[in-house]
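Undergrad: This is what each chain is made of:
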Amino acid sequence: MKQWAFILLLVLATIVLAGCNILWGSLSIPARSVVQILLGHDDAENPAWRFILVESRVPQMLTALLCGAALSTSGLMLQTLFRNPLAGPSILGIDAGANLGVALVMLLLGGTVTLGSLTMSGYLLVVAAAMLGALAIMLLLLMLSHSLQSKTMLLITGVVISYVTGSIISLLNFSATEEGVHNFVLWGMGTFSNVSLNHLPLYTLCIAAGLLSAMMLAKPLDALLLGEQYAANLGVNIRRTRNGLLLSTGLLTATTTAFCGPISFLGLAVPHIARMWLRTSSHLLLLPGTMLMGASLTLLCNLMSTQFRPGSVLPINVITPLIGAPVILYVILKRSH
Amino acid sequence: MITLRNLSTGYGRHTVMRGINAELRQGELVSLLGPNGVGKSTLLRTLSAFLPPLAGDIRIGDRPLNQLSTRERSRLIGVVLTERTSVQHMTVRNMVGMGRTPYTGFWGGLNDEDRRVVDDAMQQTGIVHLQHRYINTLSDGERQKVMIAKAVAQETPIILLDEPTAFLDYPSKVEMMRMLLRLAHGMQKTIFLSTHDVEMALQLSDRVWLMEEGRIIAGTPRQLAQDGHIAHFVCREGVQFDAQSLTIQLQVNA
Chain A
1 MKQWAFILLL VLATIVLAGC NILWGSLSIP ARSVVQILLG HDDAENPAWR
51 FILVESRVPQ MLTALLCGAA LSTSGLMLQT LFRNPLAGPS ILGIDAGANL
101 GVALVMLLLG GTVTLGSLTM SGYLLVVAAA MLGALAIMLL LLMLSHSLQS
151 KTMLLITGVV ISYVTGSIIS LLNFSATEEG VHNFVLWGMG TFSNVSLNHL
201 PLYTLCIAAG LLSAMMLAKP LDALLLGEQY AANLGVNIRR TRNGLLLSTG
251 LLTATTTAFC GPISFLGLAV PHIARMWLRT SSHLLLLPGT MLMGASLTLL
301 CNLMSTQFRP GSVLPINVIT PLIGAPVILY VILKRSH
Chain B
1 MITLRNLSTG YGRHTVMRGI NAELRQGELV SLLGPNGVGK STLLRTLSAF
51 LPPLAGDIRI GDRPLNQLST RERSRLIGVV LTERTSVQHM TVRNMVGMGR
101 TPYTGFWGGL NDEDRRVVDD AMQQTGIVHL QHRYINTLSD GERQKVMIAK
151 AVAQETPIIL LDEPTAFLDY PSKVEMMRML LRLAHGMQKT IFLSTHDVEM
201 ALQLSDRVWL MEEGRIIAGT PRQLAQDGHI AHFVCREGVQ FDAQSLTIQL
251 QVNA
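Chains as they are written, first to last, in my numbering: chain A, 1 to 337; chain B, 1 to 254.
One thing to keep in mind: the hints can contain errors.
A few chain A residues facing chain B, derived, Cβ under 10 Å [to be verified]: (1) V164; (2) I168; (3) I169; (4) K219; (5) D222; (6) G227; (7) Q229; (8) A232; (9) I238; (10) L278; (11) R279; (12) S281; (13) S282.
No lab work stands behind these hints: they were computed from the structure. Heads up, the beta-carbon is just placed ideally off N, CA and C, and yes, glycines get one too.
Chain A extracted, bound-state conformation (with noise of 0.2 Å):
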């Protein structure tokens, strides 16, 4: 099977990429003390290495690869579910959603408190808040399915969300302390640096069962490239799965959106890439393949970041929609017809 080769393509390409990632920062380090150091030697001369390894490198590389798998997985699902090749998180507007309750609890509840030394506790209640957000807008969606298959009506709705959500933080902003805000606005750039090692096993977790629960819905995504109608008529639960679908695209997106700011473009572009490369359209394929991407196309994003300008990090949505706009117009202008 030449698209399993692919598969592990991919896999090797996110295993270098994430080499890259640890030996590559924004502080130059010696490959040789790098690898010492995660042997678990002690480099005596400089102990801060340690530190910036342990604490930073390591948990922003897999926030990276987990957030990359985890919004192309939740944008392959919403293609497929409005059968529309625009549809992805941030296009939607979910992710705004997600933004919203975000908005709510930092803005709101917490308006000095600073992300960073939010307790475990205050972490949950970002994510709880940001999936009630993504869920929220989720809902709407479905509601509004069946026009959704129409590009513009895809791409007016998300839009509209995108202003009415924006248009509440704005409020939200007016009366929040000049502390808040500014944490908002530095949130809102999107990095993967927020996630400290204490925080990164609920992220994991929460990102773990948004990618399994995808991947026990492949079979009845195939049937949905065929249409709601013909779908039921095959034998497949459709409410059941439209539930599946919106849980597991909520999941992903809130918690990604909590942990990492709203990150554009990603959602939307690595599947079609994905599919580009493996010429299929079974999920049992194209879901590993999302993810795998996606997983390495951000820590390249992240790379690019780090060492842009030595010394200081670019935010991630400076570049994700270099890699995200040129795919949107060639959907646009190649499938247009």
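Using the hints provided, position chain B relative to the given structure of chain A.
TA: For chain B alone, kept in the frame of chain A given last:
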């Protein structure tokens, strides 16, 4: 095979047709004729269980349709819809394989038996040569045949088709109807389709259901022709129906 008793069809509170009594038998090709908007699609959707009956019941054998589980239904009724199915990167073979969904396991993989059924379905519908093509590269006629092959691979005793001959050129229409007739007779399937191609339906169907305002008249094409029902349906000024040859004649006044 399928019995409709006192059936009312419609959407929500809007009744399209009430009091339908009719039956479909095994091994017969039955065409549903009638003017636009009379409720042909609504009836087909109700029979496919996409819409609930508003009153009365539909029985498959001796079991009411709405008491069957989704899974049981998927092994009894296969459908071919009018909408153009467009899926990126799906080969003809994969599409026909989708018909095996009711029988496959959790991950949807096909076993040897499934593959044999898929081969057979492609043979029956004459699309073996297309099997490695992508769906999106096919003509409308080829695509329609693939969807029928999918329904055949589903191995259901009943196949319902909503206007399968629409959008096809004339030779393809005839070929499609002949193929469906062959499936009905050869595989002893109950095939029920809606169509606007009156002459072809009369000449190639075992039975015809003529849907009029408020009622359905069922019978063999010849019965309906001789009783004048077909003439009542098609004849307008300048349009004549010949009950003997089952053809429509147009008069041109130059």
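Undergrad: It remains to establish, for every hint, whether it holds in the given structure.
TA: Here is how each hint holds up against the structure:
1. A hinted interface residue such as A:V164 counts as satisfied when its beta carbon comes closer than 10 Å to some beta carbon of chain B; here the least separation is about 30 Å, so the hint is violated.
2. At about 34 Å, the closest approach between the beta carbon of A:I168 and any beta carbon in chain B exceeds 10 Å, and the interface hint on this residue is violated.
3. Interface hint status for A:I169: violated, as the beta-carbon distance to the closest one in chain B is roughly 36 Å, over 10 Å.
4. The restraint placing A:K219 at the interface with chain B holds, with a minimum CB-CB distance near 4 Å, inside the 10 Å limit.
5. Look at A:D222: its Cβ gets to within about 6 Å of chain B, closer than 10 Å, so that hint holds up.
6. Below 10 Å, beta-carbon pairs count as interface contacts, and A:G227 has one with chain B at about 7 Å; its hint therefore holds.
7. Because the beta carbon of A:Q229 sits about 6 Å from the nearest beta carbon in chain B, less than 10 Å, this interface hint is met.
8. A least Cβ separation of about 7 Å between A:A232 and chain B falls short of the 10 Å threshold, and the interface hint therefore holds.
9. A least Cβ separation of about 8 Å between A:I238 and chain B falls short of the 10 Å threshold, and the interface hint therefore holds.
10. Below 10 Å, beta-carbon pairs count as interface contacts, and A:L278 has one with chain B at about 8 Å; its hint therefore holds.
11. Of the supplied interface hints, the one on A:R279 holds, with its beta-carbon coming within about 5 Å of a beta-carbon of chain B, less than 10 Å.
12. Checking A:S281 against chain B by beta carbon gives a least distance of about 4 Å; that is within 10 Å, so the hint holds.
13. A hinted interface residue such as A:S282 counts as satisfied when its beta carbon comes closer than 10 Å to some beta carbon of chain B; here the least separation is about 7 Å, so the hint holds.
Checked against the numbered hints listed earlier, the structure breaks hints 1, 2 and 3; every other hint is satisfied.
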